[in-house]
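Novice: What follows is the residue order along each chain.
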Amino acid sequence: MRAAGLAKRFGDHVALKGVDLEVEAGEVVALLGENGSGKSTLVKILAGYHVPEPGGRLEVGGVPVPLPVPTGAYHELGLAFVFQDLGLASGLRVVENLFVGDRRHLGAGALRPISWGGELRRARQVLRHYQVDVDPRSLVRELTPTQQALVAIVRAAEELEAFRRHGADRGPGLLVLDEPTVFLPEDEKVFLFELVDRVTSRGTGVLFVSHDLVAVRQIARRAVILRDGAVVGTRMVAEVSDEELVGLISGQRSMGDAHEGHPATVRLPDQRQLAKANTGALDAGSVVLEARGVRGGHLAGLDLAVRRAEIVGVAGLLGSGSDEIPYALFGTLSAVQGTVAVEGREVPLARLRPHHARRLGLALVPGDRKVQGAALSLPVHKNLLSLVTEHYFRGGVLRHGTMRSVAARRCEEFRVHPRDPDADMATLSGGNQQKVVLAKWLELLPKVLLLHEPTQGVDVTTRAEIYRLMRSLKEQGLAILWVSNDYEELAEVSDRVLVCAAGRIVGELTGEELSRDQITSQVYLASALEQRGA
Amino acid sequence: MLPFAWLLVVVGFGADDPSHFLTLANFSTIFGSQAVLFVLTMALLVPLTNGDIDLSVGSLSGLVSMLVVVLNVEHHIAIVWCCLIGLAAGLAAGVLNGVACIRFKADPFIITLGTGTVFAGLTELLSNEQTITGVSSGLTKVIFTDEFLGIPLEFYFGLAIMLVVWYVLTFTPFGQRALFVGQSRDVARLSGFRVDRIRLQGFVVAGFVSAIAGIFFVGTTGSASPGTGSQLLLPAYAAAFLGLTTIQPGRFNAIGSGIAVYFLATGVAGLELLGAQNYVQDLFYGAILVIAVIISRLLAMRRFGRGTA
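Protein sequences appear in the order of chains A and B.
Using numbering that gives the first Met the number 0, the letters of the first sequence map in sequence onto residues 0 to 533.
Using numbering that gives the first Met the number 0, the letters of the second sequence map in sequence onto residues 0 to 308.
Quick caveat, the hints were computed from the structure, so don't treat them as lab data.
You may find that some hints are simply not true.
To be verified - Distance windows between CB atoms, simulated:
1. A:Asp132 <-> B:Leu282: 46 to 52 Å
2. A:Val387 <-> B:Asp185: 54 to 60 Å
3. A:Gly510 <-> B:Gly249: 52 to 58 Å
4. A:Ser404 <-> B:Asp185: 30 to 36 Å
5. B:Gly249 <-> A:Ala425: 55 to 61 Å
6. B:Ala286 <-> A:Pro67: 45 to 51 Å
7. B:Thr116 <-> A:Thr145: 48 to 54 Å
8. B:Asp185 <-> A:His390: 39 to 45 Å
9. A:Arg120 <-> B:Glu73: 56 to 62 Å
10. A:Pro63 <-> B:Ala77: 54 to 60 Å
11. B:Thr116 <-> A:Gly400: 37 to 43 Å
12. A:Pro67 <-> B:Gly133: 55 to 61 Å
13. A:Ser376 <-> B:Ala286: 49 to 55 Å
To be verified - Not everything, but these chain B residues come out facing chain A in the computed CB check (under 8 Å):
14. Val167
15. Pro172
16. Phe173
17. Arg176
18. Phe179
19. Gln182
20. Ser183
21. Arg184
22. Gly191
23. Ser222
24. Ser224
Said to hold, decoys possible - Chain B is faced by these chain A residues, among others (derived, beta-carbon under 8 Å):
25. Gly71
26. Gly86
27. Leu91
28. Arg102
29. Pro112
30. Ile113
31. Ala374
32. Leu377
We treat Cβ as the ideally placed atom computed from N, Cα and C, and that holds for glycine.
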């Protein structure tokens, strides 16, 4: 497979900036990079899911492929995928998912009968052949995550097998694995590695997208490192140290003007009030937020505490559970166990719902702002004051004028651009939307601020403003817990950084240790340790 | 479970009033008179499997029946041609629905609510808001007058359509694709399916089968009147969702929905024999729809557990 100049943008955000990539027959190439570096976008272009920007070229088995890749064409090209979210229909049976690739016939073929008895026998045979103990009649969502991953892997292997049977002259094919080890415990990884060995021995190339350096070392020959949508290096795995790989992955990103310019702190809404809400009877340095034994999703017995006037960052790889922490503590995930306490008021998470969390003094600024944090079709002032609308309902009417002027003041204070409270949220840039969402929650005078990827898709200047805002809130006594995949900013802004692996906090970095490199190596080492220990 | 519920209804009403309820004539009426609703229910299943709701099928079948009658009675076109034109109109309406929903990424619920109302309006326009009778007896003979084992032929045609829909949804790649599209548009796209085309096919099938239902209506009554088609929409949905709870639980399936149609019809017939007023029909159909949806959710929750909703 040979790709050149693949590019993709989502609105203003450039996900891929012209990537060249080659996988030779029988070669395992690892594609490494942080979250959001463009790996999955690349994979989905190959699958014909995303339409790339014009100008790229793609060749599979020496044959040029038109771009965008026609829907479903990847089967004919000998490409097989294990997608990051596996690409299984969870409400359908295993056997149906396993042979979904056979259902693409058009025309009269679409009405050719399927013999479910035969398909079931075939599914049993295939699963037995790969030694996967799964009943093909069960629904995918009844399986454990590991079993689901195995089904997805077996499906890809079978599709390659079928391709080889029917088109020996069309080249050996390519297996694309997008983060396949996230769901797999250590013993099942061996299964994956054996499978990769088996397909490569027949000449099939493998593109292995992963965070998992241990796995990469075990099976890949070459590693291609992607950062911010561009290839920043290609190394032979045998000749490169972990440190060098990690260095390439994390890169030397510019922090922009985080240190220079705009020395003034951002003024906050009702500073006096906020400060008052956060002094109370508690002294500085006392624990405001405490979570104990949090389980559910990827979390497996997580404990953490955040003190008054403290910024605590959380770092972890995909699948470590770090992304779920803010949501678990805010009560938006279902089936979570453990407790959360704010200023000593303890609540079991099983019963915590977002409106309780709000009353406890928690505020959540979610990562996927577009869907979770703001109503894009409503104007800024409606969004900004949406949590405290009742304050403006006086004498039986909603005081729109007052709301507008209050919102205008907030826009000034938070430097929202444009300063127009009547502008629709959708017309604001990502960074400005983020500031509005932050301001919205601060209207409630929370005690704890939970942030998930607050700077994702935000330009450098606005990032710096968000950092200043966080520091300024901290000075006013707020406890801030934030999760980010940008370790540079974690190191820069946090007082402490917690390392999350396998659903628990396994390490903590403070003071001198707070640097991007330290965090990156701790995170990768911790996850490698967890896996080896498992 | 549903077949037993049906049996229970039969036994219950039978015990109450055996001389009227448990007669061949009564069952012939129940089986024969429901063929239009039966076929209309089948029309819903493909779009529902795709995850699309088509609310226009009822008034579309009404429009097609009016079209057939007007062409035959007022323009003296041979009934065969009238039926073919009716089927073509059904296909065209399906394409219209599909393109409007898919090309413009609009919600089928609201689009088909609109197109359905347009179809109802066209029906009134065509008929001058009158019931039109006197359609060629050739059609009524084949559909309604001729009987086999004492039941009008349309019952058997309906069964045949049910078996075809069941076969297509359960045993063909076409049906499998529809299932994946209904489960998750993303998964279907990643599996290499052309989601838009599959959804369009669903709307077209719905249009075509609703047209058949419209022709059955003409054959049954020898006439067409404005407003009849849209009255069938709710019972059709009640049957489709009730079908979700049986035979292949959790999936829209033709056989389950077919049983549901006769369950509903038997219930209504029994209530009417007991002297119930017309409004009972609405109470019954509406309540059954709500209960059917709740039961199917309960089944799903019990099966998959723990707040996945």
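Novice: Work down the list of hints and note, for each, if the structure agrees.
Specialist: Hint by hint, here is what the structure shows:
1. A:Asp132 <-> B:Leu282: 46 to 52 Å: Taking Cβ atoms as reference, aspartate 132 of chain A and leucine 282 of chain B lie about 51 Å apart, which means the hint holds.
2. A:Val387 <-> B:Asp185: 54 to 60 Å: Because 37 Å falls outside the window, the suggested range is violated.
3. A:Gly510 <-> B:Gly249: 52 to 58 Å: Distance hint for glycine 510 of chain A, glycine 249 of chain B holds at roughly 56 Å.
4. A:Ser404 <-> B:Asp185: 30 to 36 Å: Cβ of serine 404 of chain A to Cβ of aspartate 185 of chain B: about 44 Å, so the range 30 to 36 Å is violated.
5. B:Gly249 <-> A:Ala425: 55 to 61 Å: 38 Å, violated
6. B:Ala286 <-> A:Pro67: 45 to 51 Å: Holds: the Cβ-Cβ distance is about 49 Å, inside 45 to 51 Å.
7. B:Thr116 <-> A:Thr145: 48 to 54 Å: Hint holds: Cβ distance 51 Å, inside 48 to 54 Å.
8. B:Asp185 <-> A:His390: 39 to 45 Å: 41 Å, holds
9. A:Arg120 <-> B:Glu73: 56 to 62 Å: Because 59 Å falls inside the window, the suggested range holds.
10. A:Pro63 <-> B:Ala77: 54 to 60 Å: 56 Å, holds
11. B:Thr116 <-> A:Gly400: 37 to 43 Å: 40 Å, holds
12. A:Pro67 <-> B:Gly133: 55 to 61 Å: Between proline 67 of chain A and glycine 133 of chain B, where Cβ atoms are some 57 Å apart, the hint holds.
13. A:Ser376 <-> B:Ala286: 49 to 55 Å: 37 Å, violated
14. Val167: With a closest approach of 7 Å, the valine 167 of chain B hint holds.
15. Pro172: 4 Å, holds
16. Phe173: Holds, about 4 Å.
17. Arg176: With a minimum Cβ separation of about 5 Å from chain A (threshold 8 Å), the hint on arginine 176 of chain B holds.
18. Phe179: 5 Å, holds
19. Gln182: Nearest chain A Cβ about 4 Å off; hint holds.
20. Ser183: 6 Å, holds
21. Arg184: 10 Å, violated
22. Gly191: 3 Å, holds
23. Ser222: Not OK, violated: serine 222 of chain B not within 8 Å of chain A, min 36 Å.
24. Ser224: It is violated, given that the least Cβ distance between serine 224 of chain B and chain A is near 36 Å, above 8 Å.
25. Gly71: With Cβ-Cβ at 3 Å, under 8 Å, it holds.
26. Gly86: At 4 Å from the nearest chain B Cβ, glycine 86 of chain A passes the 8 Å test, so the hint holds.
27. Leu91: Hint on leucine 91 of chain A: holds, closest Cβ of chain B at ~6 Å, below 8 Å.
28. Arg102: Given a least distance of 4 Å, the restraint on arginine 102 of chain A holds.
29. Pro112: 5 Å, holds
30. Ile113: 5 Å, holds
31. Ala374: 18 Å, violated
32. Leu377: 20 Å, violated
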